[in-house]
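2 protein chains.
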Amino acid sequence: MARKSIVLINTGDGKGKSSSAFGVMGRAWARGWTVGVVQFVKGGKWKIGEKKLAEHLDIEWHTLGDGFTWESTDMDETIAKGRHAWEVANEKLASGDYDLLILDELTYTMKYEWVEVAEVVAGIENRNPKTNVMITGRGAPQELIDVADTVTEMVKVKHAYDQGIKAMKGIEF
Amino acid sequence: MARKSIVLINTGDGKGKSSSAFGVMGRAWARGWTVGVVQFVKGGKWKIGEKKLAEHLDIEWHTLGDGFTWESTDMDETIAKGRHAWEVANEKLASGDYDLLILDELTYTMKYEWVEVAEVVAGIENRNPKTNVMITGRGAPQELIDVADTVTEMVKVKHAYDQGIKAMKGIEF
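Quick note, the sequences are listed as chains E and S, same order. Numbering follows my numbering, with no gaps: position 49 of the first sequence is 49. Numbering follows my numbering, with no gaps: position 117 of the second sequence is 290.
These aren't lab readings, by the way, just hints derived from the structure by calculation. Some clues are possibly wrong.
[Stated by the list, open to error] A partial selection of chain E residues facing chain S, derived with a Cβ cut-off under 8 Å:
| id | residue |
| --- | --- |
| 1 | Ile6 |
| 2 | Gly16 |
| 3 | Ser19 |
| 4 | Gly23 |
| 5 | Gly26 |
| 6 | Glu50 |
| 7 | Arg83 |
| 8 | Leu100 |
| 9 | Met154 |
| 10 | Ala160 |
All C-beta atoms, glycine included, are put in the ideal place defined by N, C-alpha and C.
Build the full structure now, drawing on both the sequences and the hints.
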């Protein structure tokens with residue numbers, strides 16, 4: 001079966017990795033696609049805006065992460081949740097139920113070694129051929145870049161927080 | 174009056190400049206902000222998905238461009254439309270009616286010299302202090318970067334079209 005779908009990665013230290021993924025979510029919605037979002041590691045106030053938009057558009061949204069590790073008070077639980085998030089995502093990749101899956105901040109599950117890079121690569125390669133995949137997060141590993149079709153590195157030229165301006169509601173989350 | 178708003182630029186040759194801006198549009202909508210979009214140069218099939226999303230969310234959308242210059246059969250009309258788009262955007266910047274203005278592909282009006290960089294810089298600096306601004310497009314001039322708060326360069330690591338895969342409905346537009 002010829003693969004009809006593509007894999008996109010937004011990586012790098014600059015702003016725009018997740019916001020670009022949620023822009024693509026909007027395009028996919030506009031085309032009548034079935035979209036799913038798995039949010040891997042951000043909790044709390046982050047992604048509230050995106051989640052509200054997804055709910056408004058009837059887009060399936062799973063928050064399975066437990067915040068970034070440096071916020072964690074129970075590392076075993078964090079690791080278990082991170083692994084579980086990947087297992088759920090992997091099932092969705094294989095299911096054939098989605099035209100687009102957004103795996104937001106997936107790279108951190110590999111960076112913190114909750115999930116092996118080879119497992120993620122296999123999940124991507126063995127996905128249902130119809131399912132496009134959008135992955136975000138800093139430090140995408142080379143093996144993942146190798147199996148992707150479109151990879152953008154968001155490079156910070158300057159950022160408001162360097163001038164002491166805090167992350168803004170409505171813009172950053 | 175202290176400025177409460179910021180200016181963001183997405184530039185570079187990689188994918189994600191406009192999609193990131195439309196992700197931010199979704200966040201701003203989720204917060205109840207008043208958002209306006211001025212689409213400078215893309216016409217035709219491009220931005221159909223984003224426009225549909227904006228309509229669904231009751232976000233004001235203006236398409237004033239006439240496609241990229243290399244598609245133009247009437248250059249004088251193209252230039253006049255590009256200039257007019259900037260004049261409309263400039264009024265909106267000053268009006269105080271918006272929490273966020275997205276000036277999509279604005280950089281091309283400067284690249285093709287329809288509008289002087291200094292005019293755009295003045296419009297940004299003299300905007301209503303409440304209005305956040307998100308500008309997209311390749312080749313943002315240094316003078317514009319100088320007055321921005323957050324600037325991201327989208328760098329192409331790889332792109333599906335390099336393997337002959339055409340721009341996909343639902344992903345790219």
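Of the hints given before, which are not true for this structure?
-> Violated: hint 7 alone.
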